[in-house]
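Trainee: Quick mapping for you: the protein sequence lines, in order, are chains A and B.
Just so we're aligned, residue 65 is where the first sequence starts under my numbering, counting upward by one.
Just so we're aligned, residue 1398 is where the second sequence starts under my numbering, counting upward by one.
Hints are supplied without guarantee of correctness; some may be wrong.
[As the list claims (entries may be wrong)] Per the computed footprint, the stretches of chain B lying under chain A, defined by three or more beta-carbons under 8 Å from a beta-carbon of chain A, are:
| no. | stretch |
| --- | --- |
| 1 | 1446-1459 |
| 2 | 1590-1604 |
| 3 | 1624-1636 |
| 4 | 1647-1657 |
[Stated by the list, open to error] Among chain B residues calculated to face chain A with C-beta under 10 Å, some are:
| no. | residue |
| --- | --- |
| 5 | 1467 |
| 6 | 1527 |
| 7 | 1533 |
| 8 | 1537 |
Just so you know, the hints here were simulated from the structure itself, not pulled from any lab data.
Computed from a prediction, not measured in an experiment: that's the story for all the values here.
Just so it is clear, CB atoms sit at the ideal spot from N, CA and C, and this is done for glycine as well.
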Amino acid sequence: MKKILAGSLTAVLLVGLLAGCGKTDNETSGNANTGDAGKATTITHWEMVNGPADTYEAAAKKIVENFNSSNDQNITVELQMTPWDNFYQTFLTAITSGAAPDTSTGASTQPLQYALMGEILDLQPIVDQWNEEGNDIVNQFPEGSLDMLTYDGELTGLPWALDPRGLTYRTDYFEQAGITELPTTWEEFLDVCKKLKEWNPDIVPFVFGGADQMSTQTMMMFLMQNGTGFTNENVEADFTSKNVTEALEFLHELASNGYISEGTASYKSADAEKMYCSGTAAIWFNGMPTATIDYEDVAANSSVLPAMAGPSGGDARYYTWINSIMAYTQSDAPDACRAFIKYWIENELTLFTEGGCSQLPARADLQTDKFFSDTWYTKEFSEKVVPVAVPQSWPAPALFPAFSQIEGEDYPGKALQAVITGDTDYEKIQKETNDLIATAIEDYGADYDEE
Amino acid sequence: MSKNKSHKTTALKNKRLGYILLIPASVLIALVSLYPLINGIILGFQDYNLLRPKKRAFAGLDNFIEILTKDSEFYSTLAFSFIYTIFVVIVAYILGLCFAMLLNRDIKGRGIFRMLILIPWVIPSVVATTNWLWLLNDQLGFVNRTLQNLHIIKEPILFLADADLAKITVIFTGAWKSFPFMMIVLLAGLQGISADLYESASIDGAGFFKKFWYITLPSLKSVSMISTILMFLWTFNNFENIYLLTRGGPMNFTYTLPILSYYTAFIRSNIGYASAIATIMLVVLLVVAMLYMKVLSNRDKYE
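Next comes chain A alone, as it looks inside the complex (with noise of 0.2 Å):
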């Protein structure tokens, strides 16, 4: 008797193993290409959380359920929403794993990194179609943007959103203090700090995050309104020129003069944020403003300065991230991951509309919806920021294998630390910092030079 209910059980519980495993007939999970007639395919989109949970979440699955519901080929995308928190290592873990998503979109780095690792399915044939469609779509992409995705003859992935970085400020209160002229320079930003300082002593003149990202972001927005990056136009690390020397000592200055607080390189960008928002800071380098929208008087008195100029810089700049969708290799659904990204890219405007993501389209077309000219912060970023920006590898001409490391370690973030604690051996931090890039960069080229 027990010998038959041991049996019986066993058999119960490999037929609901089986069964757990198994799929219907008529669907398959990323394993079928399109146009096999009344086939069904299904494929994952994980989508990262670019604006507000409750609204955005509702505007990316819209454009899904349109999407499962209108197209011919019988595909069914399942939306999985992301977080930004650790999404280096989700990604990277889930593609070493062989368990990548079909589509995603994701930081602008990324399609280049999985690009190396042969990760990355081949975009180009969307542009073919858009092109033969007679689709003007291609030429709203950011100048240049498609070239900085090509990666050994294929394109990595589409641009799709502007997460552009500038500086945002307190209008009352530089009217207060007497401010009539923005700067332009960065002198004139010392004057203006200066003045904010003597206007009211309480309050930080200038904040920004400077112990996660956004100290290498900072760096990386003087380095170019001063003319140069971490690397040259060559993907050379030069970290030792003067015009970074010159960005290093205004650092200096702001924190000597208390024009920045001397916490700074313990503030995280939510600290920063947190500053500008209860008022106790007059001027905040971040991506666009929207934590303003939950505080009525902040967005009533704040405004974007006009791009600055360094010394040795040239023309004002400020700079912009390029953010892309892609697709996996590992998806055995090529061309339903193609068709959905076509389809991404042609209707993505409620993202921004409905869903409040904290970008800007990437197509210049959709930024003049009157949309982003009814926000405040979206209306002049659009004017002030985008039209000045340069993407985030500028002067190199494209994202380089080294960039995610770089930026992922702060390595130019560490040498603003340096800088805003106290310490003046430019010379020294200069080479150490050079010396981080120049590895990074060696590490990383010699590697796939070999390949």
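Keeping the supplied structure of chain A fixed, place chain B upon it in accordance with the hints.
Mentor: For chain B alone, coordinates are given in the frame of chain A:
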């Protein structure tokens, strides 16, 4: 004779049943614990970068040789890992002992106090760390604001921006999070000490410090050893306290081995090298664990 044989058969059956019942748990442990451990050690002997998985190759002892002979970042990080761990354990032990002795007294609301003191231990690290970040902020933080309003300090204290203060701060927050565990364990130890000992000592004229030195501390010896060794293991392995507070900054001054290993794996994408660092950590912790086992076996002998 037949009774004896039947006993043996039953014993054998019980033994077999025991082994069978152990199989599910053993398989689970092997899957979630043993496999990652062995895989991690193997990775330490490989040249494996996540961004170039096709070039994965056996590297022998290369990673270990490089870490131990060339990597100055590893040694400075190892040094701070020990400093951090030792100070967290000492501070947590002292705080835990003080509170345990206070709560061992017959006071009103003892249960409520015990519960309140457990709060740092039970709240999630992310919540605790975020609160510390807000409390210690130089411009908006409660601590600096209060000290300035009371005219105790003129300029804000840079708890997390100054390299030396940042080290002290992460040690303090680490100890704050850990001391309730110490308190619970030591309180249990204190409650096991016979009141007669204290009574006899009082009759002999011993004061508080003598009783503490000659009765309390020796009686807590084995429980103290076990709890401090356990705390050492947990603290040495701890990642979130420092990462969430400073991300290893400012300027890498609060890097510990788990953070270095994390950056090496997920930012530098060098899984092989990161696994070698983790394997060295494992060796360090194994030595401490062996010490723990020895203490346990000694305690069993005395008991």
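Trainee: Compare the structure with the hints numbered earlier in the document and write down the numbers of the violated ones, lowest to highest.
Mentor: Structure breaks hints 2, 3 and 5.
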